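Residues in the sequence shown are numbered from 72 upward in steps of one, following this note's numbering.
Simulated pairs of lysine-lysine, DSS-like, Cα-Cα distance not exceeding 30 angstroms:
id: 1; residue 1: 247; residue 2: 304
id: 2; residue 1: 201; residue 2: 304
id: 3; residue 1: 383; residue 2: 339
id: 4; residue 1: 303; residue 2: 356
id: 5; residue 1: 241; residue 2: 304
id: 6; residue 1: 299; residue 2: 243
id: 7; residue 1: 303; residue 2: 124
id: 8; residue 1: 124; residue 2: 304
id: 9; residue 1: 260; residue 2: 241
id: 10; residue 1: 299; residue 2: 260
id: 11; residue 1: 241; residue 2: 190
id: 12; residue 1: 260; residue 2: 304
id: 13; residue 1: 333; residue 2: 383
id: 14; residue 1: 241; residue 2: 186
id: 15; residue 1: 124; residue 2: 356
id: 16; residue 1: 190; residue 2: 124
id: 17; residue 1: 303; residue 2: 241
id: 18; residue 1: 260; residue 2: 124
id: 19; residue 1: 186; residue 2: 205
id: 20; residue 1: 247; residue 2: 303
id: 21; residue 1: 241; residue 2: 205
id: 22; residue 1: 356; residue 2: 333
id: 23; residue 1: 186; residue 2: 247
id: 24; residue 1: 243; residue 2: 190
id: 25; residue 1: 356; residue 2: 190
id: 26; residue 1: 260; residue 2: 243
id: 27; residue 1: 356; residue 2: 383
id: 28; residue 1: 260; residue 2: 356
id: 29; residue 1: 190; residue 2: 304
id: 30; residue 1: 303; residue 2: 260
id: 31; residue 1: 190; residue 2: 205
id: 32; residue 1: 190; residue 2: 247
id: 33; residue 1: 186; residue 2: 124
id: 34; residue 1: 260; residue 2: 205
Quick caveat, the hints were computed from the structure, so don't treat them as lab data. From a predicted model like this one, the values you see are computed outputs, not experimental measurements.
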Amino acid sequence: MSGQEKRKLTRREFLETASAAAGVAACGSAAQGAQTSGAGGMKYRRLGRTGLKISEIGLGCASGLRSRQLGETLFNRYREELPAIVHKLLEHGGNFVATSASYHDTEEILGRALKGRRKEAYIFTASGAKTPEKIIAECERSLQRFQTDVIDGYFCHGGWREEFLEAAGKLKQQGKIRFIGESIHVPAKHRPQVEAGVLDFLLQPYNYMNLAKWTEQTDRPGTEDLLKLCRKKDVGVMVIKPMTGHFVPNWAKNADDPKVSKLLGELKEFGKANLYQAFLMWVLKNPNVSCAIVGFNAVNDVVDDCQAVGRKLTRRHERLLEQYAAAATADYCRMCETCAASCPAGLPIADILRYRMYYQNYGHRADAREYYAALGCGRQADACIACGACEKACPNGLAVMAKLREAHQILA
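I would like the entire structure built from these sequences, with the hints used as guidance.
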């Protein structure tokens, strides 16, 4: 039996075809997960009050950052392959791309890739500018790069700013953007904007790591409650980091742990492509999710990951993901910020650990150091007084102080 045949057999073993619900709710607080079918077996869900029927899986461009940090050769290879990735996604029924003005030249590359095919894809991009004037100017540049007259979804990147709402309102009146959103890592920080009714959609991390038992009291309810609130308020939910941004636990440190050793054996049998499909199926089984934004690194990733659409996990593999989450949880900060109030030094602990993760687990080394330097004196990890209050407050049992020390060593 060939390797390809073995791979197909493994996939059939763990995937079960699910019958998709037909029809899409017309208005109000309809489920994000109402589905319709399209090319390549793709399913579509309603993006909240926007009324857009978007594919369950679409393209995000943060992976380009990783390619950049792995070296010029790989970064250029990613940039060269990105148009083919877009075209393969369209071929499989995907109908949206999401990036940011700060993600290098991805807007220009996507604009060229969509030339002559603009009607086949919705465009989502972001601004991190601070003033209304700069936000409007940045949007104008994004329109030029995309070679389009309108951006379908324009979102505030890296934390909500009233200045963004002011600028986006003007841009919407001018017909240059259609819908307004935001991207934040912490569920609680979305709630004021969702409650106020100023958002049409939002981007929120959500992935299998929510299965880790230590998160049951804090992290999982916070995220799940946000998704339910979005459904109630008819705000579309675009999931970022559906695979934890391809977070890779540092298994080498825990290789002697029998639990980890057993899990690694099972994962080897599972297969990398099947594992990533399982991550996506876990996200898409939630009816309050509109779509998953995936950072495809290559054309083959599109083919593999799109096979997660319209399928569901067996109970055996749900248990495997639970074990994976439990084994990885001690190295994964969920940015819940529960520790923040306990720190007498007022350190932005979640940000520091996020930059550590960018450096260590994602490979975004230059960016991680740049972000860390921007924190400034007195807000970096060397200001930690080692009181241990953060570790007592952490609901996930992380060795926070050790991670802060390590962060400063690699980022300073």
